[in-house]
Amino acid sequence: MKTEEKSSGGWLSWLTAVGGWLLCAAMCLVLTIRLEVWPRAYDFVFPAVVAVLFSNILVFMFMASRYGAHAGKLFRAVCRVCLSEGALLLLLYGWGRFFIGA
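The numbers in the sequence shown follow UniProt numbering, run straight up by one, and end at 102.
Just to be clear, a hint being listed does not mean it is correct.
Label-pair distances were calculated between CB atoms; the ranges are [as the list claims (entries may be wrong)]:
(1) Asp43 to Trp14: 16 to 24 angstroms
(2) Glu36 to Leu58: 21 to 29 angstroms
(3) Gly19 to Phe98: 13 to 21 angstroms
(4) Leu90 to Pro39: 32 to 40 angstroms
(5) Ala51 to Val18: 39 to 47 angstroms
(6) Trp11 to Ser84: 37 to 45 angstroms
(7) Ala48 to His70: 27 to 35 angstroms
(8) Ala25 to Ser65: 18 to 26 angstroms
Honestly, the hints are just simulated from the structure, not real lab data.
Where is the CB? At the ideal position from N, CA and C, for every residue including glycine.
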């Protein structure tokens, strides 16, 4: 009797989810550093950035539980979340710098 061995893509899914979360965390960190120059903007936007950062944990856990078996689907979902969060953080940066702090 032969037993078939299947290669697992679990490590790739784990790496994708953790890498995406780290990328989003780095974007939040860069935003907080860039807004330190404008104290009023920093005071107002910082709680929003922290809320985005910690809600990412739940978002990435949900995606990993839903698409963890399919590395390709998980990668596409992580890319969509990173792009949309990047756009959100860019809007927060513009809002904080130009409308509150300038």
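Fill in: Numbered hints the structure breaks, given as an ascending list
Going through the list in order, the structure violates hints 1, 3, 4, 5 and 6 and respects the others.
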